[in-house]
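Participant: Okay, here's what each chain looks like letter by letter:
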Amino acid sequence: MSPKIGVVTFPGSLDDQDALRAIRKCGGEPVSLWHGDDNVDGVDAVILPGGFSYGDYLRCGAISRFAPVMAEVIKAAEAGMPVLGICNGFQILCEAQLLPGALIRNDVRVFVCKDQDLQVESVDTTWTSEFTVGQTITLVRRRRLRS
Amino acid sequence: MARVVVDVMPKPEILDPQGKAVTGALARLGFAGMSVRQGKRFELEFDGEVTEERLAEVRRAAETLLANTVIETFDVRVEPTPESAGAVDEAQNSQAGNNQAENNKAENNKAENNKAENSKADGSEAQSAEEAELAARAG
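Going line by line, the protein sequences match chains A and B.
Residues 1 to 147 (the numbering used here) make up the first sequence, in order.
Residues 148 to 286 (the numbering used here) make up the second sequence, in order.
Bound-form chain A, shown alone:
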């Protein structure tokens, strides 16, 4: 049975459709979740997608973090459900204190857009379990779409 993976749409989420499509392409069963929902519909994992929820007002992710569905996401995460936050979703996870710390603005004040090499430090997470420790992976910058 393919895993049910929920994707939360907040007001201002942009990449929820991408995430739903990626789940489908990977053989999962995508489930749309709404920020106002009071449950996560029995999903096996949740993705908080990218975008500009609430227009990035106050701090990125600070308002979405208190959306009704987030109470359920936090509860489920604490019980062991995997949660993936992408971009704005990552900011929401930091604001929700599911991830430690806080994001601040780039201190070099330069917009950086490049392929980025990362070294895998930990493989005991759901998202990195198929890597090996010390492996270098490259995150590819978004390519310009052909019109």
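The hints are simulated quantities; they were obtained by calculation from the structure and are not laboratory data.
The C-beta atom is built at its ideal place from N, Cα and C for all residues, glycine as well.
Hints should not be assumed to be uniformly reliable.
[Unchecked claim] Pairwise CB distance ranges, derived in the manner of DEER restraints: (1) A/Arg142 <-> B/Met181: 21 to 27 Å; (2) A/Asp107 <-> B/Met181: 34 to 40 Å; (3) B/Lys187 <-> A/Cys87: 43 to 49 Å; (4) A/Gly134 <-> B/Ala174: 40 to 46 Å.
[As the list claims (entries may be wrong)] Covered stretches of chain A (in silico footprint by chain B; criterion: 3 or more residues with CB under 8 Å from a CB of chain B, positions within the stretch not fixed): (5) 14-27; (6) 52-62.
Chain B: place on chain A using the hints.
Facilitator: For chain B alone, kept in the frame of chain A given last:
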């Protein structure tokens, strides 16, 4: 009507790239020799008096939502409202804010001490925000 102001600032040890960008833009515009740190100001208005309970509630709100206490600090103070501002303006040169603060016994000493400074600071803050926006558009 009463107004409580919450100022939120990046912690001193946290880099403030926004402030640095504004500092640089100001210098390019000829406003040299000033170093800017940028924060946020929230104005919360209430019917009736600001009680100690109300202030405690505001502090809770600031800690929960208005500030991210991992990277920011906040300061809560009572401020004269627009209705009472006329009286305050007249008396501004003679430390007007203090009467108001005494009426609002709820606020602590710090607010009283800050009051006169704050009313002075407001004008200049608004001005730099405007300039920052101009600079941002130009840049």
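Participant: Are the hints correct? Go through all of them and say.
Facilitator: Hints, one by one, checked against the model:
1. A/Arg142 <-> B/Met181: 21 to 27 Å: For methionine 181 of chain B against arginine 142 of chain A, whose Cβ atoms are near 38 Å apart, the range 21 to 27 Å is violated.
2. A/Asp107 <-> B/Met181: 34 to 40 Å: 20 Å, violated
3. B/Lys187 <-> A/Cys87: 43 to 49 Å: 23 Å, violated
4. A/Gly134 <-> B/Ala174: 40 to 46 Å: Cβ of glycine 134 of chain A to Cβ of alanine 174 of chain B: about 45 Å, so the range 40 to 46 Å holds.
5. 14-27: Coverage by chain B is violated for the stretch 14-27 of chain A (0 residues, Cβ < 8 Å).
6. 52-62: holds (count 3)
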